[in-house]
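With these hints in hand, go ahead and build the complete structure from the sequences.
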Amino acid sequence: MTDKVQIEQISFWGLAKQNMRKLSMFIMLGLILAVFAILTKGVNLTPRNITNIFIQNSYILILAVGMVLVIIIGNIDLSVGSVVAFSGAISAMIYNKGIGLIPTLLLSLVIGALIGSFQAVLIAYLRIPAFITTLGGMLLFRGLTYIITNVSPISLRDDGFKQIASGSLNIKGFTIGNYDGLSIVVMAVAIIALVVYNYFQRRRKIRNGFSLIPLRYTILKIGALSALIILVFLRFAAYRGIPTVGLVLFIVTAIFVFITNNTVIGRYIYAVGGNAKSAKLSGINSEQVVFITHVIMGVLCGLSGVVFTAYMNSALPQAGNQFEMDAIASCYIGGAAASGGIGTTIGAITGGLVMGVINNGMSLMNIGADWQYVVKASILLLAVFYDIWSRRKSGLG
Amino acid sequence: MGSNDYILEVNNITKDFPGVRALDNVDFKVRRGEIHCLVGENGAGKSTLVNVISGVFPRGDYEGVVVFKGKETHYRSTKDSESDGLSIIHQELTLSPYLSIYENIFLGNMKTRFGVIDWDACLRDSYPLLKRVGLSEPPQTIVSKMSVGKQQLVEIARAISRNAELLIFDEPTSSLNDEESENLLKLLLEFKREGITCIMISHKLDEVLAVADSITILRDGLSVASYDTRAEEVSKQQIIKAMVGRELKNLFPEKDPKIGEVVFEVKNWSVNHPDYHDMKIVDNASFFLKRGEIVSFCGPMGAGRTELMMSIFGNSYGYGATGEIYLHNEKVTFKSPKDAIEKGVGYVSEDRKSLGLILIQDVKTNITNSSLPKLSKRGVLDKEKIRESAEFYKESLQIKTPSLEQLARNLSGGNQQKVVLSRALLADPDIFIVDEPTRGIDVGAKFEIYSILNEMVKQGKSVIVVSSELTEAISMSDRIYVMNEGKIKGVLNRDEATQEGIMHMALVD
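The listed protein sequences correspond, in order, to chains A and B.
Residue numbering for the first sequence follows our numbering, beginning at 1 and increasing consecutively.
Residue numbering for the second sequence follows our numbering, beginning at 1 and increasing consecutively.
These are calculated hints, taken from the structure and not from any lab test.
Among the clues, some could well be false.
[As the list claims (entries may be wrong)] List time: in silico DSSO-like cross-link candidates among lysine-lysine, alpha-carbon distance up to 30 angstroms:
no., chain 1, residue 1, chain 2, residue 2
1, B, K343, B, K331
2, A, K221, B, K145
3, B, K111, A, K221
[Unchecked claim] Away from chain A, derived, C-beta distances all over 12 angstroms, residues of chain B:
no., residue
4, D16
5, R158
6, K186
7, D213
Using N, Cα and C, we set each Cβ at its ideal position, and we do this for glycine too.
This is the structure:
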């Protein structure tokens with residue numbers, strides 16, 4: 001190993017080409033936003049609508065974050081829609097007993113974890129294929145939801161619950177110009193954090209003698225990400241401030257980006273998904289990894305149930321219908337491989353947003369659900385086709 | 001260190017599988033710092049023994065005692081044995097395909113700080129390990145993009161990263177070419193110098209004799225012989241005799257070729273890589289085949305031999321193939337594998353597990369499933385005829401299976417290969433192309449495969465063998481085409497071919 005730091009000699013296009021697979025979904029999201037901006041004459045980019053896109057898709061995005069782990073490990077979870085309905089109904093019933101918001105939320109997560117564990121035991125230890133277990137779960141929890149709700153909506157005792165979905169974070173009277181003050185502050189902090197993080201990352205690499213990409217590309221990357229942050233937060237700031245659900249989503253995403261990249265269990269999920277037998281021979285307890293993955297999915301179903309109940313401001317017996325399909329589609333649009341081993345949290349979120357933006361844009365244009373299905377299907381197939389094609393080209397099976 | 005300083009002692013191990021006793025009261029002792037080779041036919045119990053030693057079968061799953069470094073072991077999984085300084089490099093590579101080299105090295109043993117993976121430490125520590133095993137790839141490379149030989153080096157790096165004192169190699173060279181094999185053996189000797197003890201399971205007796213300090217031979221679950229090559233001269237014949245329990249006078253059957261006219265000819269054949277269309281994989285290859293002839297194609301891995309055969313066989317490989325094919329002096333084109341089979345060309349793939357067999361189907365189905373039109377009437381299967389044909393090949397090729405309903409995955413490698421051959425033979429080809437027909441199978445089964453090929457040419461058929469084992473090619477074939485870098489470098493007759501001659505032709509001329 002040399003002490004001298006190597007700066008990789010690489011052209012802009014070379015670097016872009018290397019990262020094409022990673023970048024392609026962002027480009028797709030950008031293009032779709034742009035197309036709808038033209039078609040709706042800019043309505044889809046208004047502050048109010050941007051906020052709405054986040055709120056209306058939050059519960060799917062939360063599910064997609066869990067689903068991508070399940071898909072990476074080589075399984076599938078069809079029960080999430082029903083589990084969302086069940087935990088949502090239970091959370092409403094708990095809340096109506098007069099229990100506070102935070103305890104209600106925590107209890108719902110525990111219920112999600114219990115449901116997840118139940119299915120995870122069947123899948124990981126009793127070796128019933130995930131497809132079948134969760135198909136059973138889908139029917140079971142839908143049935144249980146009907147039983148506990150008597151097939152009628154449960155309304156909430158007050159508007160407190162609703163804040164989780166449609167509330168926003170702001171400090172009364174704190175504004176900068178016409179913008180919400182808190183949003184602007186958070187935006188600034190985020191950009192500073194980004195710069196500081198990259199600075200320390202580069203310094204660490206230099207200290208370790210690893211090769212570096214040229215500084216101008218790092219600056220370009222920071223610039224692009226900052227622009228994105230500014231665009232989104234200015235929209236938030238111009239409307240009602242940062243939506244609470246945006247914060248929830250950010251926390252969930254951050255936790256799982258960290259777990260998948262920087263924790264042992266996260267990497268084990270990739271190892272087991274890529275080749276379960278090899279993982280086992282490497283001394284990984286693959287049953288346990290499968291178990292934990294499905295429990296995580298359960299916990300996120302619990303969270304999604306609470307968010308959806310808050311969004312509807314009541315718990316509906318038919319809530320969560322077909323959420324599993326949207327969550328699964330988000331993962332595949334976001335580059336997950338059906339055979340397992342490949343996929344990212346950010347990819348799943350981006351995939352979910354692609355679907356959300358399409359739904360939203362077409363609704364703004366008054367196009368009905370019939371055509372929305374057709375367009376969504378086309379995007380799903382195109383995205384997966386591109387993914388398989390590019391993977392074959394880069395030799396990833 | 002005394003010469004009786006045993007790092008590993010295996011005493012009276014017995015291990016049963018349903019219906020089979022895989023190991024029967026086996027004793028096995030390995031001295032510290034030596035290279036100990038474990039030899040035996042397929043199914044002799046070598047892998048089972050290794051699995052017992054390393055904890056793949058947990059304590060209690062077998063009878064007997066394993067003593068490692070003077071202590072009786074109680075491993076519950078390979079994780080325990082690895083932390084104890086004992087690592088296996090498995091026959092089938094066990095890397096996670098979509099992860100990078102350095103992540104694979106530390107998989108199961110990640111460097112963490114407060115439960116968070118320290119990627120920088122992993123990357124930094126991977127450099128010296130890769131240097132030790134002689135791998136120059138950047139550690140960030142995704143392993144599925146590398147060749148099998150390089151992937152194996154990553155496995156070895158992984159094993160030594162855990163400070164292994166005993167490394168067990170399960171047929172390490174079975175999927176490597178000659179050069180890679182040689183490097184691996186050098187690495188083994190290097191480890192020996194560093195004081196690491198190695199156990200190597202191998203079919204290749206030349207390799208065994210080149211590196212072994214001790215040799216233990218297993219047969220049918222019994223340890224039948226043990227040699228110390230430092231104390232005595234050990235010959236191949238001796239080993240083979242102990243392995244098979246009988247003396248194989250000759251590793252290859254006698255042959256008496258009756259060669260006729262040219263039946264198959266390929267002229268100026270070129271084909272490009274399926275993904276990189278401007279990369280030539282086969283470059284202007286021309287060859288011919290006579291009636292009753294066995295012709296071998298030799299050359300290093302990546303010479304383009306398999307690609308040449310597959311692209312001829314109905315364009316099963318590559319992009320933009322050009323060239324001419326003559327069958328019985330008539331120009332033909334093979335539009336698809338189906339077309340080629342119908343015109344009398346058969347092909348048996350080198351990868352019998354993923355391209356040849358349906359492992360979860362039974363022997364009968366595997367033999368007959370590509371000739372079903374022939375074995376049915378108006379689309380309805382003739383079960384009786386299917387059974388008859390399968391029975392016929394089971395008998396004539398001596399496929400050792402309890403019944404035709406046995407699943408293919410339960411057969412040994414040699415018998416699996418015979419099933420694949422049966423299927424191709426059932427289509428009754430005139431021209432028979434077999435790709436690495438004896439890879440990974442034992443001496444006895446190899447002899448039988450050679451006899452089958454000899455029998456075919458006796459019946460007036462013609463055979464092309466793609467082979468990476470030079471002794472096999474020289475002993476079996478009437479002529480040898482030598483390939484490298486996509487080109488046919490030359491052709492040798494049986495009597496003028498030597499191993500050195502072939503390598504020289506491939507690499508130098």
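- Task: Please flag the earlier hints that this structure goes against, numbers listed from lowest up.
- Result: 5
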